[in-house]
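With chain A's structure known, arrange chain B on it following the hints.
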Amino acid sequence: MFDQYIVCEEGFRAHEDGRPGGVVEVRMPYYRGLALSMVEAVDLVLDGRPVPADRTTFTVHGHTYGFDQLPHTTDDRWEMGERAQLAFTTDEPLAPGEHDVAVSVRLRISYMPVPGGGRDSKRLTLAGA
Amino acid sequence: MTTPAHRIQRGVSLYSYQEEFFLRTMTLEDCVRAAAECGALGIEIIPEQSIPGYPQLTEEFLQTWHGWMAQYGTHPAATDLFLDTKRHPGRWLTLEEQVASVRQDVDIAVRLGAPVVRAIINTPPEVMEAAAPYAEEAGVRLLLEVHAPFHYEHPWVLQHLEVMYRTGSPALGLMPDMGTYVRRFPRVVSDRALRDGAKPELVDLIVSTYDDHGDTHALMDVVNYRGGGPVEFGLARQATHYIWSEPKAMLEHMGLIGHVQAKFYEMTDEGVEYSIPYDEIVPVLIEGGFAGHLSSEYEGNRHVQDAFPVDSVEQVRRQHAMFARLLGETTGEDA
Numbered sequence: 001m002f003d004q005y006i007v008c009e010e011g012f013r014a015h016e017d018g019r020p021g022g023v024v025e026v027r028m029p030y031y032r033g034l035a036l037s038m039v040e041a042v043d044l045v046l047d048g049r050p051v052p053a054d055r056t057t058f059t060v061h062g063h064t065y066g067f068d069q070l071p072h073t074t075d076d077r078w079e080m081g082e083r084a085q086l087a088f089t090t091d092e093p094l095a096p097g098e099h100d101v102a103v104s105v106r107l108r109i110s111y112m113p114v115p116g117g118g119r120d121s122k123r124l125t126l127a128g129a
Numbered sequence: 001m002t003t004p005a006h007r008i009q010r011g012v013s014l015y016s017y018q019e020e021f022f023l024r025t026m027t028l029e030d031c032v033r034a035a036a037e038c039g040a041l042g043i044e045i046i047p048e049q050s051i052p053g054y055p056q057l058t059e060e061f062l063q064t065w066h067g068w069m070a071q072y073g074t075h076p077a078a079t080d081l082f083l084d085t086k087r088h089p090g091r092w093l094t095l096e097e098q099v100a101s102v103r104q105d106v107d108i109a110v111r112l113g114a115p116v117v118r119a120i121i122n123t124p125p126e127v128m129e130a131a132a133p134y135a136e137e138a139g140v141r142l143l144l145e146v147h148a149p150f151h152y153e154h155p156w157v158l159q160h161l162e163v164m165y166r167t168g169s170p171a172l173g174l175m176p177d178m179g180t181y182v183r184r185f186p187r188v189v190s191d192r193a194l195r196d197g198a199k200p201e202l203v204d205l206i207v208s209t210y211d212d213h214g215d216t217h218a219l220m221d222v223v224n225y226r227g228g229g230p231v232e233f234g235l236a237r238q239a240t241h242y243i244w245s246e247p248k249a250m251l252e253h254m255g256l257i258g259h260v261q262a263k264f265y266e267m268t269d270e271g272v273e274y275s276i277p278y279d280e281i282v283p284v285l286i287e288g289g290f291a292g293h294l295s296s297e298y299e300g301n302r303h304v305q306d307a308f309p310v311d312s313v314e315q316v317r318r319q320h321a322m323f324a325r326l327l328g329e330t331t332g333e334d335a
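Residue numbers (the numbering used here), protein chains in the order written: chain A, 1 to 129; chain B, 1 to 335.
Because the hints were derived from the structure by calculation, they are not lab data.
Where a beta carbon is used, it is the ideal one built from N, C-alpha and C, also for glycine.
One or more of the hints may lead you astray.
[What the hints assert, rightly or not] Example chain A residues on the side facing chain B (calculated, C-beta under 7 Å, incomplete):
| id | residue |
| --- | --- |
| 1 | 2 |
| 2 | 31 |
| 3 | 33 |
| 4 | 37 |
| 5 | 49 |
| 6 | 71 |
| 7 | 79 |
| 8 | 80 |
| 9 | 81 |
| 10 | 108 |
| 11 | 110 |
| 12 | 111 |
| 13 | 114 |
[Claimed, not checked] Distance windows between CB atoms, simulated:
| id | chain 1 | residue 1 | chain 2 | residue 2 | range |
| --- | --- | --- | --- | --- | --- |
| 14 | B | 208 | A | 15 | 52 to 62 Å |
| 15 | B | 212 | A | 52 | 46 to 56 Å |
| 16 | B | 92 | A | 98 | 37 to 47 Å |
If we strip away everything but chain A, and leave its shape as in the complex, we get (with noise of 0.2 Å):
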C-alpha cells in the first residue's frame, strides 16, 4: 500500500567514518507502526548485488540493531511513516554518483496468512560524495 515509498529520495550517504558502505533511509510499507520483532527482513540490493543482511543494521529514533536481535525486540517499535536507517557495508567504497537502491520489506502480520510488506526499487544519487 506504500511500497513506492519505501526507499527514500533523500539520505542515500557514505558513512562519515570513511567505512566503505553507507545508508539508506527507508520506510514501512504498513499504515501502522509495528514492534520490531515483527520486522522479518528488510533486504537491500545495491547495483543488482544482494547485500547479506549481516552487513547491515537498523535504526530507528537513534536505536540500532543488527537483524539478529529485532526477533527478540518487542519493546521498540518502526514507527507509521517513520525513516529508518538502514546502515550497510561493502567490500569498497561507494562510487560517486548514482546507485540502484532495491530494499525488500517482510513483516509478520498476524491477520494474514501470508507475509506482509513489499518492495520498492530507486535510483538514487549519493548524497555528499
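Using the frame of chain A, we list chain B on its own:
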C-alpha cells in the same frame, strides 16, 4: 436544519488520512482539524498508527489530545486495536497474552476518552469473552469488526455471535465495515491494475464477474488459464475479498452494532461512492435506530497514489457532504 429523526453521529477514522500522515504532509492535529471542518466530530484513532511510542502514552500527549478535542469541538469516538498473535517468532501468543493485549488497548481507550474499541477481525471469540468483564468495568465497548469477506452467517462471525448472545455482555458488540457492501468493483482498483500492466480483457472478466455477482471462487484459476500474471492474480483475489450483501442484514443484529466503519474507495465528482450504495445503507441504519458513529474510512489512496495526487481531505469532505444529505442535515444543495 430540521431536527433529525435519528441519533446517528458523524465521525472520521484518522485511517482516512493515512497517505498524508505517512508522508508527514499532515500532522495528527491537522487530521483532527480536517475531520472537524466537515462536521465529523467523532474521532476514531488507531493508536498504533497515530501515536509514536505506543503503547506508552505520555501525559503530555494526552493533555494535547484532550486539548484538541476541546479546541475543535470534537470527541473521541473509538480506538482500533490490533492483536499481534504472531508478535514472537515461532510461537503464538497464549490466551492470557492475547487477553492482556486487549486489556492494554482498553486502558489506552480509557485514557484517550474513547467509549468504543474496535477489535480486529482476527480476535478469537474466546479472547473477546475473557476480556469482556474488564472492558465492562472500564466502561468501554469492545466491538468486533465485521470486515469483508466476512458476514453475519460466516462461521467465524457466528462463533462471536454465540459468545455475545450467550454472555449478554453489554461490553461486547459488532462494528460493521461497509466494505462488506461493495456492490460494484471499485474502478480505482481496476484502473490501477491496468496502469500496472494487467491485460484489459482479464480486467474486464474480473470486474464483470464481480459486478454481476457471479461466482468468484475460481476466478484466480481462470485468470491463470487465460495467461494472467501477478497483477491479474492480485485483482482476482481482490474480487474474492470484496463482498456484496443486503445492508438490511444489519437489522437483525442492530442491538449489537455500536459503531460503523464507513469504508470508501472513491467519492466521485457527483458526490457518491462509486462502489458502495450509501443511499441504501444509511436508511437501514436509521430504520434500525443505530445510535453510534458513522465513521469515515477512506482507503482509495493506495490505488491512485502511483499516478494522481491523493487528496484524502477532499474525499472525506465529499463523503460527509453525502452523509449530511442522507441524514437529513442538509438539502444537498450546499454539498
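We went through each hint and held it up to the structure:
1. For residue 2 of chain A, the interface hint holds, the least distance from its beta-carbon to any beta-carbon of chain B being 6 Å, beneath 7 Å.
2. About 5 Å separates the beta-carbon of residue 31 of chain A from the nearest beta-carbon of chain B, less than 7 Å, and the hint is met.
3. Of the supplied interface hints, the one on residue 33 of chain A holds, with its beta-carbon coming within about 5 Å of a beta-carbon of chain B, less than 7 Å.
4. Proximity of residue 37 of chain A to chain B holds as hinted, the smallest CB-CB distance being about 6 Å (cut-off 7 Å).
5. For residue 49 of chain A, the interface hint is violated, the least distance from its beta-carbon to any beta-carbon of chain B being 24 Å, above 7 Å.
6. Using the Cβ-Cβ criterion of 7 Å, the hint placing residue 71 of chain A at the interface with chain B is satisfied: the shortest such distance is roughly 5 Å.
7. Checking residue 79 of chain A against chain B by beta carbon gives a least distance of about 5 Å; that is within 7 Å, so the hint holds.
8. Taking 7 Å as the C-beta contact cut-off toward chain B, the hint placing residue 80 of chain A at the interface holds, the least distance being around 5 Å.
9. The restraint placing residue 81 of chain A at the interface with chain B holds, with a minimum CB-CB distance near 4 Å, inside the 7 Å limit.
10. Residue-level restraint check for residue 108 of chain A holds (minimum Cβ-Cβ distance to chain B is 5 Å; threshold 7 Å).
11. The interface hint given for residue 110 of chain A is met, as the beta carbon of that residue sits about 4 Å from the closest beta carbon of chain B, less than 7 Å.
12. Annotation: interface hint on residue 111 of chain A holds; nearest CB of chain B at approximately 4 Å, less than 7 Å.
13. A cut of 7 Å between beta carbons decides the hint on residue 114 of chain A: the least distance to chain B is about 11 Å, and the hint is violated.
14. Checked against the hint of 52 to 62 Å, the pair residue 208 of chain B and residue 15 of chain A passes, with Cβ atoms roughly 55 Å apart.
15. One distance hint, 46 to 56 Å for the beta-carbon pair residue 212 of chain B and residue 52 of chain A, holds here, with the actual separation near 50 Å.
16. Residue 92 of chain B and residue 98 of chain A have their C-beta atoms about 45 Å apart, which keeps the hinted 37 to 47 Å range intact.
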